[in-house]
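Visitor: Using the sequences and the hints, build the whole thing.
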Amino acid sequence: MATYNTSDFRKGLKVQIDGEPYLMTDMQFVKPGKGNALYKCKLKNLVRGTTLDRTYKGGDSLESADVETTDVSFLYRQGQDYVFMHQETFEQYEVAEKVAGDIWKYLKDGMICTMTLYNGNAIIVEPPVMVELEITECAPGAKGDTATNVTKPAMVETGAEFTVPGFIKEGNVIKVDTRTGEYVERVSN
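Here the sequence shown stands for residues 1 to 189, numbered as in full-length UniProt numbering.
Just so you know, these hints were derived from the structure itself, not from any lab. By construction, the Cβ of each residue, glycine as well, lies at the ideal position given by its N, Cα and C atoms. Careful, some of the hints might be misleading.
[Unchecked claim] Computed spacing ranges between beta-carbons, pair by pair:
#: 1; residue 1: VAL187; residue 2: LYS57; range: 43 to 53 Å
#: 2; residue 1: PRO32; residue 2: ASP102; range: 40 to 50 Å
#: 3; residue 1: ARG48; residue 2: PRO153; range: 15 to 25 Å
#: 4; residue 1: HIS86; residue 2: GLN28; range: 36 to 46 Å
#: 5; residue 1: GLN28; residue 2: GLN80; range: 31 to 41 Å
[Unchecked claim] Quick list of in silico lysine to any residue cross-link-like pairs, SDA-like style, CA-CA up to 25 Å:
#: 6; residue 1: LYS57; residue 2: ASP8
#: 7; residue 1: LYS42; residue 2: GLN16
#: 8; residue 1: LYS105; residue 2: ALA122
#: 9; residue 1: LYS42; residue 2: GLY58
#: 10; residue 1: LYS31; residue 2: ASP8
#: 11; residue 1: LYS105; residue 2: LYS42
#: 12; residue 1: LYS40; residue 2: TYR76
#: 13; residue 1: LYS152; residue 2: GLY181
#: 14; residue 1: LYS14; residue 2: SER64
Guide: Quick look at the structure:
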């Protein structure tokens with residue numbers, strides 16, 4: 001298995017600590033007046049979601065995590081699980097609701113998502129950064145509400161609810177940022 005020296009440390013690196021995969025979410029290089037350089041790292045456990053703060057000395061190393069990132073398409077929901085299919089091998093993965101998290105808000109049939117696998121098991125599923133969803137239910141805009149900051153809740157085709165501007169109506173297609181869950185723009189009427 002490959003190893004990373006402290007000189008290779010950077011944000012986004014996937015490493016293995018005590019047999020579990022971690023994502024390096026932050027790394028700061030500190031050079032004290034005397035002694036070795038220090039690397040202060042924030043690491044997120046990819047299986048449990050917990051974070052860890054560790055400091056490494058210059059010359060230390062970490063094993064690379066045996067994780068694979070691949071594109072999968074959403075097929076269907078089966079009870080509490082979501083079923084995805086690998087784009088090239090057509091292998092199917094059942095992903096538990098606790099692993100998938102809030103992805104249901106954005107999932108449409110056939111949608112291409114990014115899946116991170118650890119030892120062949122899905123540990124992270126991410127939808128595209130921007131998704132287009134059709135409004136299925138929302139209150140009509142009140143007459144005279146022309147201020148630009150008037151918002152209202154709206155239900156989309158996936159069953160999720162988002163806050164949208166007052167001018168949005170049923171049948172509109174909106175673009176939503178999946179990282180924040182916020183309305184971006186109206187795509188069509």
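Visitor: Evaluate each hint against the coordinates.
Guide: Okay, the hints, checked on the actual structure:
no., hint, result
1, VAL187 to LYS57: 43 to 53 Å, "52 Å, holds"
2, PRO32 to ASP102: 40 to 50 Å, "42 Å, holds"
3, ARG48 to PRO153: 15 to 25 Å, "33 Å, violated"
4, HIS86 to GLN28: 36 to 46 Å, "37 Å, holds"
5, GLN28 to GLN80: 31 to 41 Å, "40 Å, holds"
6, LYS57 to ASP8, "13 Å, holds"
7, LYS42 to GLN16, "13 Å, holds"
8, LYS105 to ALA122, "19 Å, holds"
9, LYS42 to GLY58, "16 Å, holds"
10, LYS31 to ASP8, "16 Å, holds"
11, LYS105 to LYS42, "29 Å, violated"
12, LYS40 to TYR76, "42 Å, violated"
13, LYS152 to GLY181, "15 Å, holds"
14, LYS14 to SER64, "6 Å, holds"
Going through the hint list in order, the structure does not satisfy hints 3, 11, 12.
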